[in-house]
Amino acid sequence: MAKIVVSPERFSLVFFDAERIAELTGQVADKIGLPDDLELRIEVDERMPLGRTKISSLDPVTLSVEGGAFEDAKRPRHLSDRSVQDVLGRMLLRVKDRLDPNFENAPADENLSLQQLVAWTVYSEGRCERLGLPTQKQRWLYHFRNRHGFSDVADAAFDRLWNADALTWSDIDLICAETQRARDELANPGVR
Amino acid sequence: MRRHLPADALARDDRFVRWTLEDRISDPRAAARRAVSSSGGPDGSGGSGPTAKNRVGFNPSRPGAPDQARALMHGIFVGELQALEGAGRTCFDFDTGSGTDEVPLELKLDMARQCWDEARHCEISVKLGEWMGTEIGEFAENIFLFEAACNPDPVLRLVGVNRALEGLAIDVFNTMKEFGDSAGDPFLSFCEDWMLADEVTHVKMGSDWLRRLTEKDPARRDRALEFQRVVDRLFSTGGFRGEEKDSPIKLARKFREMAGFSTEEIDVVAEEARQARAEMTDKVAGP
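Chains as they are written, first to last, in our numbering: chain A, 1 to 192; chain B, 1001 to 1287.
What the hints contain is simulated information worked out from the structure, not anything from laboratory work. Errors might be hidden in some of the hints.
[Said to hold, decoys possible] In silico EDC-like links for lysine to aspartate or glutamate, alpha-carbon gap of 20 Å or less:
1. LYS1254/B - ASP1181/B
2. LYS137/A - GLU1138/B
3. LYS74/A - GLU1138/B
4. LYS54/A - ASP100/A
5. LYS74/A - GLU1135/B
6. LYS137/A - ASP1067/B
7. LYS74/A - ASP17/A
8. LYS1127/B - ASP1117/B
9. LYS1250/B - ASP1217/B
10. LYS137/A - GLU1130/B
11. LYS74/A - ASP1008/B
12. LYS1127/B - ASP1013/B
13. LYS96/A - ASP17/A
14. LYS74/A - ASP1023/B
15. LYS74/A - ASP1181/B
16. LYS74/A - ASP1014/B
17. LYS96/A - ASP152/A
18. LYS74/A - ASP1027/B
19. LYS74/A - GLU1271/B
20. LYS137/A - GLU1135/B
21. LYS74/A - GLU1130/B
22. LYS31/A - ASP100/A
[Said to hold, decoys possible] With the Cβ distance kept under 10 Å, some of the chain A side facing chain B (calculated, not the full set):
23. LYS31
24. LEU50
25. ALA73
26. PRO76
27. ARG77
28. TYR142
[Unchecked claim] Okay, the calculated beta carbon distance ranges per label pair:
29. SER1262/B - SER57/A: 21 to 31 Å
30. LEU58/A - SER1182/B: 31 to 41 Å
31. ASP1181/B - GLU110/A: 24 to 34 Å
32. SER1061/B - GLU39/A: 54 to 64 Å
33. ALA1009/B - ASP30/A: 45 to 55 Å
34. LYS3/A - VAL1268/B: 36 to 46 Å
35. ALA1009/B - SER113/A: 42 to 52 Å
36. PRO189/A - VAL1230/B: 49 to 59 Å
37. GLU39/A - ARG1062/B: 24 to 34 Å
38. ALA1009/B - SER170/A: 20 to 30 Å
39. ALA177/A - ARG1062/B: 15 to 25 Å
40. ALA1197/B - LEU131/A: 43 to 53 Å
No experiment lies behind these values; they were computed from the predicted model shown. Quick reminder that beta carbons are idealized off the backbone N, C-alpha and C, glycines included.
Taking the hints into account, I'd like the entire structure generated from these sequences.
Written out as structure tokens, the structure reads:
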């Protein structure tokens, strides 16, 4: 199992348990197949009930997470195992991708377009589902449609991303270009 | 059947979990976020501020905007449930008559028609929730909308439900319709537009009945309007609904005018929202 460090060690504003987060992180990392010697740091900002997340570093792997991302939507301030697994599943799969030479030409996270970001996320979520991690397919389909269009072309692109297991960054980028063409065609019918 | 049902006696199955305003206000993270407002968020995207949820707005260009819309859609669903319960209660809780604790039959007929609308809105909201990837009960339910429908005076209850609650519905539906338009979501825009039309009718019914029932009783009308101000401030939820540039839910002036609100009355709602926002900011900033 990867070496995992969760900060803070003790939470004072929310009812989170750092040891539980570390345990869940280890389980998710093992399912994803991250190397055992990888160091994983999970930094939780317990002040924030919002759900923003960020891969702050790849060496060592550091994930910055606002507390709301790990929170139970039905029980404010309480940890949700499902939320932790869901959020970490897609984040750690992106880490795994980033460590893969097939993704070396992917832009930095802050330079990803909304279309690229959600396409990559859908690719991760589909893999999460097959790994037995919690996910919400219809939720991500809605995200995808919001960014790639409410169209048959977008839905077909979603299915390809969701069902794929070995894409490269170029594959994802090509899918984004395909839906962009469909949106352009819809906006300017007949113009090529 | 029991009359004048308290909010905590509403029937819900085990999918639903309640969250009160007190829970929200007593959340210690609010004070802790004060420091973040000046130091910026963890992803360097800028300060989240003491009223972070209020400041992010409904900007479709934000990565989390679809999730915000999902959560609001669930809020609309439970709001429709509570509006149905509120209108239904007004039909049942008061005898028919002309006394101050009675209501005319025609008012009950209007409330019955509103129940029909709200039941349809519940079904539409469930379908929209499924479309957006949300399960019933995925988010906690706040029952403060129904609390406005518990006043024992039928005129005050009427303004609580048909002017304050349904007025909020106008603002929310208009915001969601605009979000659907900006995202190109054909179902969301269409459904919100049709429900918005119903809400305008419901508020118009409230406005008309308020004037008719208090035509010869200006003191009662004043009490009703004062009650509405209190409820409207509550429904502004610390500025979540208002006219500020970053208010996630914008006051829909045009539709409120169509629903019988005068410009002055809308100005009052806007002012209540500003004061609610200021109070929330002060509360979060602490002593």
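Tested hints:
For the proposed pair LYS1254/B and ASP1181/B, the alpha carbon gap of about 18 Å is at most 20 Å, so the pair holds. Between LYS137/A and GLU1138/B, the direct Cα distance comes to roughly 15 Å. Compliance with the 20 Å bound is thereby established for this hinted pair. For the given pair, LYS74/A sits about 7 Å from GLU1138/B by alpha-carbon distance, which is consistent with the 20 Å threshold. Distance check on the hinted pair: LYS54/A and ASP100/A sit about 19 Å apart at the alpha-carbon level, within 20 Å; holds.
Straight-line distance between C-alpha atoms of LYS74/A and GLU1135/B comes to about 12 Å, which keeps the hinted pair within the 20 Å bound. Pair hint LYS137/A plus ASP1067/B holds up; C-alpha atoms about 13 Å apart against a cutoff of 20 Å. Of the pairs offered as hints, the one joining LYS74/A and ASP17/A holds, with about 18 Å between alpha carbons and a cut-off of 20 Å not exceeded. For the proposed pair LYS1127/B and ASP1117/B, the alpha carbon gap of about 15 Å is at most 20 Å, so the pair holds.
Restraint check for LYS1250/B and ASP1217/B: not satisfied, since their Cα atoms lie roughly 33 Å apart, outside the 20 Å limit. With a C-alpha separation of about 11 Å, the suggested pair LYS137/A and GLU1130/B falls inside the 20 Å cut-off, and the hint holds. Among the hinted pairs, LYS74/A with ASP1008/B is consistent with the structure: their alpha-carbon atoms are about 17 Å apart, no more than 20 Å. Taking the CA atoms of LYS1127/B and ASP1013/B, the gap is near 19 Å; set against the 20 Å cutoff, the hint holds.
Restraint check: the Cα-Cα separation between LYS96/A and ASP17/A comes to about 26 Å, which exceeds 20 Å; the hinted pair is violated. Our distance criterion of 20 Å between C-alpha atoms is met by LYS74/A and ASP1023/B, whose separation comes to about 12 Å. About 30 Å separates the Cα atoms of LYS74/A and ASP1181/B, which puts this hinted pair outside 20 Å; it is violated. Distance restraint check for LYS74/A and ASP1014/B: the Cα-Cα separation of roughly 12 Å lies within the 20 Å cut-off, and the hinted pair is therefore satisfied.
A hinted pair counts as satisfied when its Cα atoms are at most 20 Å apart, and LYS96/A with ASP152/A does not qualify at roughly 30 Å. Taking the CA atoms of LYS74/A and ASP1027/B, the gap is about 14 Å. The hint holds against a cut of 20 Å. Proximity of LYS74/A to GLU1271/B is assessed by CA-CA distance (about 32 Å); at most 20 Å being required, the pair is judged violated. As the CA atoms of LYS137/A and GLU1135/B are separated by approximately 12 Å, the hinted pair is consistent with the 20 Å bound.
Restraint check for LYS74/A and GLU1130/B: the C-alpha separation of about 18 Å stays at or below 20 Å, so the hint holds. A distance of roughly 17 Å separates the Cα atoms of LYS31/A and ASP100/A; the hinted pair therefore holds under the 20 Å criterion. Annotation: interface hint on LYS31/A violated; nearest CB of chain B at approximately 23 Å, more than 10 Å. Interface hint status for LEU50/A: upheld, as the beta-carbon distance to the closest one in chain B is roughly 6 Å, under 10 Å.
A cut of 10 Å between beta carbons decides the hint on ALA73/A: the least distance to chain B is about 5 Å, and the hint holds. Using the Cβ-Cβ criterion of 10 Å, the hint placing PRO76/A at the interface with chain B is satisfied: the shortest such distance is roughly 6 Å. A cut of 10 Å between beta carbons decides the hint on ARG77/A: the least distance to chain B is about 7 Å, and the hint holds. With 10 Å as the threshold, the beta carbon of TYR142/A comes within range of chain B, its nearest partner Cβ sitting at about 5 Å, so the hint holds.
Distance hint for SER1262/B and SER57/A: a CB-CB separation of about 58 Å, inconsistent with the stated range 21 to 31 Å. Evaluation of the 31 to 41 Å hint for LEU58/A and SER1182/B yields a pass: the beta carbon distance comes to about 34 Å. Range check, ASP1181/B to GLU110/A: about 28 Å between beta-carbon atoms, so the 24 to 34 Å window is met. One distance hint, 54 to 64 Å for the beta-carbon pair SER1061/B and GLU39/A, is violated here, with the actual separation near 35 Å.
About 48 Å separates the C-beta atoms of ALA1009/B and ASP30/A, a value consistent with the hinted range of 45 to 55 Å. Remark: the range hint 36 to 46 Å for LYS3/A to VAL1268/B is contradicted by a beta-carbon distance near 60 Å. For the pair ALA1009/B and SER113/A, the beta carbons lie near 50 Å from each other, so the given range of 42 to 52 Å is met. Evaluation of the 49 to 59 Å hint for PRO189/A and VAL1230/B yields a pass: the beta carbon distance comes to about 53 Å.
One distance hint, 24 to 34 Å for the beta-carbon pair GLU39/A and ARG1062/B, holds here, with the actual separation near 31 Å. A hinted range of 20 to 30 Å for the beta carbons of ALA1009/B and SER170/A is inconsistent with their spacing of about 59 Å. In this structure the supplied range 15 to 25 Å holds for ALA177/A paired with ARG1062/B, their Cβ-Cβ distance being about 23 Å. Checked against the hint of 43 to 53 Å, the C-beta distance between ALA1197/B and LEU131/A comes to roughly 46 Å, which is consistent with it.
Hint compliance for this structure: hints 9, 13, 15, 17, 19, 23, 29, 32, 34 and 38 are broken, all remaining hints hold.
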